[in-house]
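Asks: Reading the sequence shown from the start, the letters are residues 1 to 322 in my numbering.
Hints listed in this document are in silico derivations from the structure and should not be mistaken for laboratory results.
Take these hints with a grain of salt, some might be off.
[What the hints assert, rightly or not] The calculated label-pair distances, taken between Cβ atoms and stated as ranges, are:
| no. | residue 1 | residue 2 | range |
| --- | --- | --- | --- |
| 1 | Ala287 | Leu34 | 21 to 29 Å |
| 2 | Arg182 | Gly157 | 38 to 46 Å |
| 3 | Ala75 | Arg182 | 35 to 43 Å |
| 4 | Ala220 | Pro126 | 44 to 52 Å |
| 5 | Pro24 | Ala76 | 18 to 26 Å |
| 6 | Ala220 | Ala76 | 14 to 22 Å |
| 7 | Ala281 | Arg82 | 42 to 50 Å |
| 8 | Met206 | Leu65 | 36 to 44 Å |
C-beta atoms are modelled at their ideal positions from N, C-alpha and C, and glycine is treated no differently.
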Amino acid sequence: MTDHAPPSSPVLLCAGEALIDMVPRATPEGQAFLPLPGGAVFNTAIAAARLGTRTLFWYGLSTDLFGDQLRAALAAAGVDARLCRPLDRPTTLAFVTLVEGQARYLFLDENTAGRMLAPTDLPDVPAEVAALFLGGISLVGEPVGSTMEALAVRVAGDGNGRLIMLDPNVRPGFIRDEAAYRGRIRRLVGLSHVVKLSDEDLFWLMGPGDLATQARAVQAQGPRLVLVTLGARGARAFGRGLDVEVAAPAVKVADTVGAGDTFNAGFLTALADRDLLSADALADIGADTLRAALDFAARAAALSVTRVGADPPWRKDMAGEA
């Protein structure tokens, strides 16, 4: 498959956070910050398009210079951003600093183009959209969190059988009202067909315990598949009568930023390649097909971590792909 999907292929709608990561860089004058496009859902949209999936993106994009930078990155990857109307509010900035080797974040998010999205801003979902992906910090603040939940409710109830995939990508330090956040995630898990969690996310949401037991507890809330990423140890998927695990390729890690986002895009692309990007089709997925989709996702994520920053692979970069 080439980097560009045919016009008749199913469309993925990625809805959620787009921001500018202000990454520290040393200069002769001292520390400076380099602005780089980012955000979990934004990264997934970029990765999906690079891997050959027709991808739409929706979020609040500013008219400021950072909004222009985000639009340019989407266009360069082949992501369709026509649903994003220009908003006269600032772009969210995430300043990253290292304190004793640990990354710390300062989010400047008040009154931003994304944060202030309201349910009245929801776009009409185009008929060709086969799947919705959502998650990240856009599920935390208000009114955007309620807006994203309203979008999921609308898609789940429109009768079109669209697949919904959720990745909460939990950031505990960003959460101010934990009870409200947990309630939203619980409701979205119930609406979703696929839920992806890192092992850390799983235990934060469900408490400590056996990984399989906790993943099955998430699955019992409604989703057909629960995917758990295990970092360098690969990934594991749980479905009805299914428990599938794949190893991660051994690579030299340069940067883990965006690895989980690329994994999401790889899994959805693998489903699209097999005409499984719908709620009904996913119901009959078998162990071999699920393993192949997990493997593709894990290989895409492994390639992304060999690169500095969120820089997902293109389809031509994937071994054995044309």
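Asks: Each hint should be assessed against the structure and marked as holding or not.
Replies: The hints, checked one at a time:
1. Checked against the given bound of 21 to 29 Å, the beta carbons of Ala287 and Leu34, roughly 44 Å apart, lie outside it.
2. The given range of 38 to 46 Å is broken by Arg182 and Gly157, whose C-beta atoms sit roughly 23 Å from each other.
3. The supplied range of 35 to 43 Å is met by Ala75 and Arg182, whose beta-carbon atoms lie about 37 Å from each other.
4. For Ala220 and Pro126, the Cβ-Cβ distance of about 33 Å falls outside the hinted range of 44 to 52 Å, so the restraint is violated.
5. In this structure, Pro24 and Ala76 meet the distance hint of 18 to 26 Å, their C-beta atoms being roughly 24 Å apart.
6. Remark: the range hint 14 to 22 Å for Ala220 to Ala76 is contradicted by a beta-carbon distance near 42 Å.
7. Separation of Ala281 from Arg82 is about 27 Å and departs from the stated range, judged on CB atoms against 42 to 50 Å.
8. At about 42 Å, the beta-carbon gap between Met206 and Leu65 stays in the expected band of 36 to 44 Å.
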